[in-house]
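Dock chain Z against chain B, hints included.
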Amino acid sequence: MAQATQDKATNSATTAFQALQCKECGAEYEPKAIHVCELCFGPLEVKYDYDFLRRTVTRETIQAGPHSIWRYRPFLPVTSENPIDVGTGMTPLLQANRLARRLGLKKLYIKNDAVNMPTLSFKDRVVSVALTRARELGFTTVSCASTGNLANSTAAIAAHAGLDCCVFIPSDLEAGKVLGTLIYNPTLMAVHGNYDQVNRLCSEVANTHGWGFVNINLRPYYSEGSKTLGYEVIEQLGWQLPDHIVAPLASGSLFTKIYKGFQEFVKVGLVDEKPVRFSGAQAEGCSPIAQAFSEGRDFISPVKPNTIAKSLAIGNPADGVYAIDIAQKTNGNIESVTDAEIIDAMKLLAETEGIFTETAGGTTIATLKKLVEAGKINPDETTVVYITGNGLKTQEAVQGYIGEPLTIEPKLESFERALERSRTLDRLEWQQVLV
Amino acid sequence: MVKVLIPTPLQKLTNDQAVVDCNGSNISELLESLESSCPGIKARLCDDQGKLRRFVNFYVNSEDIRFLENENTKLNDGDEVSIIPAIAGG
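Just so you know, the sequences run in chain order B and Z. First residue of the first sequence? That's 0 in numbering that gives the first Met the number 0, and the numbers climb one at a time after it. First residue of the second sequence? That's 0 in numbering that gives the first Met the number 0, and the numbers climb one at a time after it.
Derived by calculation from the structure, the hints in this document are not laboratory data. It cannot be assumed that every hint is accurate.
Pairs of lysine-lysine residues, derived as DSSO-like cross-links and limited to a Cα-Cα distance of at most 30 Å, are as follows [unchecked claim]:
no.	chain 1	residue 1	chain 2	residue 2
1	B	K303	Z	K41
2	Z	K11	B	K22
3	Z	K41	B	K31
4	B	K22	Z	K41
5	B	K31	Z	K11
6	Z	K50	B	K328
Excised from the complex, chain B in its bound form (with noise of 0.2 Å):
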């Protein structure tokens, strides 16, 4: 196995990382590629020393870093000096006035990984640490099992790092994924079944081939990644946590290390602490923590997914749990909404904010309606909505619902013609809607 016999982790004086904890029983490990509990078989996560992150981190030393998720990096699980550095991060958070008067809230923000670097997807976040840390731990070959867009960032990144890479992927994904991976040159595996399956067998891959999978025995270290999601909406609004989030759900991942960057920020004093309500986002054709929630269950209940969002079509999520914990111990939700009602609402952002998210960005808007429209968020709570995806990856999905070009000659009357008969469309349109 391509493994570094010695880890720095425990040796450096500028990490606050020390080991790997079951979230589960406490057990400890080293912090080595392992991601499961040999005890109990529960998640493996990054414990750090957070009295030496209150003694050697302010807003100021924080503000000094570069522009990318680097700036956190104490609070990441990572050794090196120079991390990969590809300008990941730090993405707008955008106040959406024009979409919160048309929903009827008053402080609406969008924290917009539509355009996250270099993949355009909060993926390029967790893989970045990711893949610092399988370098540190002597990993020459990098792999992932994917939805489409940490294939993206997994090609995209290991190009950068020069990692060889092989990618697994169900064999039904977007054009716009498939492509969006080839160009970097990886090995492509397009596997004959759904995510899970996908999964599963990139579990039995990683048992016999010692490579360095993000999303299995890199776990850990990638999925911390996510928090600087958290920290930078804190940052951004001017050191405060907001009243209410609403995030995707695919894993229950992203949304779990939200709620731990904004936890880790009060804890070693960056930010006053206050309540923040986690809402999660579901597609109704692949909801199994969605319908855990409503039934009041603590575990999951598996389900084959079938929906439009194919980036958010785990039916087995890990996670699923600790999601449905978070939702009901901060007074949040957790909603499912159509296939149509995500195709409306990637509409509807990009006509008010100018926003093109794929499907799972879709899937949190429309989420973030039906939560308003049950009144389940208070119209002057700050609410962030986490947008984590781009449009331009799953175009099939909109293919259809976003009319035409005006195909017109190059002569003015042409034009004028056309105008006119735009206009009439718009006006049939608005009686429509009227009557």
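Positioned in the frame of chain B, the structure of chain Z alone reads:
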């Protein structure tokens, strides 16, 4: 005979074997058979009440047993059983 794929975290209990042959007409019996050949393994997979832990996934011929009959899922000669820890999303 049923072929059982053992995940890395459990291979200390199987003498580093990634595949173990077992008997049993269903998953419950398979667990007993596995325990007799690899003592201690059942306690890793099951809680105090003997139920499969919630982060353990069992597959029979690639299908999650929760879509079949859970611990009562029948096993036939030549079946392949895979034990997989829960995995993060992608």
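Straight-line alpha-carbon gap B/K31 to Z/K11, limit 30 Å:
holds, 17 Å
Pairwise hint evaluation, B/K22 against Z/K11, where the allowed Cα distance is 30 Å at most
Given that 30 Å is the threshold and the Cα spacing comes to 21 Å, the pair holds.
Does the structure keep Z/K50 and B/K328 at a Cα separation of 30 Å or less?
It holds: about 27 Å lies between the C-alpha atoms, which stays within 30 Å.
Given the hint that B/K22 pairs with Z/K41, test it: the Cα-Cα distance must not exceed 30 Å.
Cα-Cα ~20 Å, so holds.
Straight-line alpha-carbon gap Z/K41 to B/K31, limit 30 Å
holds, 25 Å
Is the hinted pair B/K303 and Z/K41 satisfied, with a Cα-Cα distance of at most 30 Å?
With Cα atoms ~28 Å apart, B/K303 and Z/K41 stay inside 30 Å; holds.
In terms of the numbered hints stated before, the structure departs from none.
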